[in-house]
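K.L.:
The chain contents come next:
2 protein chains.
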Amino acid sequence: MAMASVRIRQAEEGDCGNILKLIRELAEYEKLSDQVKISEEALRADGFGENPFYCCLVAELLPAPGEPQGQGIGSKIIKKVAEVRRGMGPPAWFWKSKHVALERGCSQLRLTVLDWNKGAMDLYKALGARDLTEAEGWHSFRFEEEAMRELAGK
Amino acid sequence: MAMASVRIRQAEEGDCGNILKLIRELAEYEKLSDQVKISEEALRADGFGENPFYCCLVAELLPAPGEPQGQGIGSKIIKKVAEVRRGMGPPAWFWKSKHVALERGCSQLRLTVLDWNKGAMDLYKALGARDLTEAEGWHSFRFEEEAMRELAGK
Chain A
2 MAMASVRIRQ AEEGDCGNIL KLIRELAEYE KLSDQVKISE EALRADGFGE NPFYCCLVAE
62 LLPAPGEPQG QGIGSKIIKK VAEVRRGMGP PAWFWKSKHV ALERGCSQLR LTVLDWNKGA
122 MDLYKALGAR DLTEAEGWHS FRFEEEAMRE LAGK
Chain B
2 MAMASVRIRQ AEEGDCGNIL KLIRELAEYE KLSDQVKISE EALRADGFGE NPFYCCLVAE
62 LLPAPGEPQG QGIGSKIIKK VAEVRRGMGP PAWFWKSKHV ALERGCSQLR LTVLDWNKGA
122 MDLYKALGAR DLTEAEGWHS FRFEEEAMRE LAGK
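Sequence lines, in order, name chains A and B.
Counting from 2, one number per residue, gives the positions in the first sequence under the working numbering.
Counting from 2, one number per residue, gives the positions in the second sequence under the working numbering.
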């Protein structure tokens, strides 16, 4: 079976249009499209300024002939993050200032996932993650824009 | 009824001993004491270096005579975070580099809480937060040290 070759690399500013597209596609799958407020401009500003708020990996595919199949991209990206945390990943310039943070020893990797997204939940479990909501009862809470405005005004 | 006066301020490096004490007391209440791995040294290094990984507010109490009562510290701290996010909070020097991040417009404030910690859940709801685990089915997943080491070694 022909497999596309996958390259995991750090996102560049020029990827923001595609990143937003992926965010929207995920939200559509999650039936949460109305919650996507971010713009390509905000993604650029937040991730590629002097003190970036996020760090992002992307997967590049070199398509190969044959049926499209699962490429294991999810596993490959999670593995890369774990590698970097262990100081065995890409060289310092790859992570820029973030490299220091990760090398200094992040001790956990956290994710959130919808309980009906069985494919994702199964993948994370197979890779060794623990469902903290199920095991310990953790609930995720969110103050949204309007609630924050009301709080601040009180 | 006599109320202590409460002052909310940014944590300083010298607070790390007390912050660790509070982390341990919370973990004990949560019956998760065995999960506390962090040391005072790591708290200092992570929060007060050149690229801090966290920002922390602390509440100072000036004790007043009378029975100790709830001081509304939880609400006051959450309100302060919302204020800062709205650009109505402390001046720039107070937040150092973090100020830029918050002023640029964080659009959400997220928390996690154990489902049996009714006092905390009720407080967050009363302040306007939404329980995303209940409402949408979000589960929190965690890869721990050992799982990350295994992943990275694969």
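Since the hints were derived computationally from the structure, they do not count as laboratory data.
Take the hints with a grain of salt, since some may be wrong.
It does not matter which identical chain is meant; a pair holds if it fits inside one copy or across any two.
As the list claims (entries may be wrong) - With a Cα cut of at most 30 Å, we get these calculated DSS-like pairs of lysine-lysine:
no., residue 1, residue 2
1, 32, 22
2, 38, 81
3, 38, 77
4, 32, 126
Just so we're clear, the structure is a prediction, and the values are computed from it rather than from any experiment.
K.L.:
With reference to the structure, classify each hint as holding or not holding.
P.N.:
Outcome of the hint check:
| no. | hint | verdict |
| --- | --- | --- |
| 1 | 32 / 22 | within (15 Å within a copy, 42 Å between copies) |
| 2 | 38 / 81 | both (28 Å within a copy, 24 Å between copies) |
| 3 | 38 / 77 | both (28 Å within a copy, 28 Å between copies) |
| 4 | 32 / 126 | both (23 Å within a copy, 24 Å between copies) |
Checked against the numbered hints given earlier, the structure satisfies every one of them.
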